[in-house]
Amino acid sequence: MFTRCPHCQTTYRVHPEQLSSANGLVRCGQCDGVFQSLDHLFEIERPSYPTTTPEEPETERTEGDSQSIPETTETTETTKTTETTETTEYDSAPQSAEIIQEPQEPQEPQEPQEPQEPQEPQEPQEPQEPQEPQEPQE
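With our numbering as the guide, the letters of the sequence shown map in order to residues 114 to 251.
Heads up, a few of these hints could be off.
To be verified - Distance windows between CB atoms, simulated:
1) Pro225 to Arg140: 11 to 21 Å
2) Gly146 to Pro228: 49 to 59 Å
3) Glu158 to Cys121: 19 to 29 Å
Just so you know, these hints were derived from the structure itself, not from any lab. These numbers come from a predicted model, not from an experiment. Glycine is no exception: its CB is placed at the ideal position from the N, C-alpha and C atoms.
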């Protein structure tokens, strides 16, 4: 048994015991709209499939069948084909560069700092909507 949100057309599978709670009122998880699920119930009919597969009739081969197939002849011409490929920046491996760094002198250890006073807890922030990745501009 299924019900469909009349606001956004999202479909949900429901069971009779779910419909009895809250007298059939439900909130859509997609659009947050509240609707009467009992008014929007429907069933999906499943197609019936045959239990056995039909067998294909066997055809007998006769001598006349082999004569109706044209014979191929070899040709001495050869065809030269050239494959063109396009490379992108993702196809080529990056060039490695030799990086030589000068040895650095060790730094003097820093003195430990005094612990700071605890700060007031901040109010939780609303989660932000994930942003769509932007395509790189050339």
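Hint numbers the structure violates, sorted upward?
-> 1
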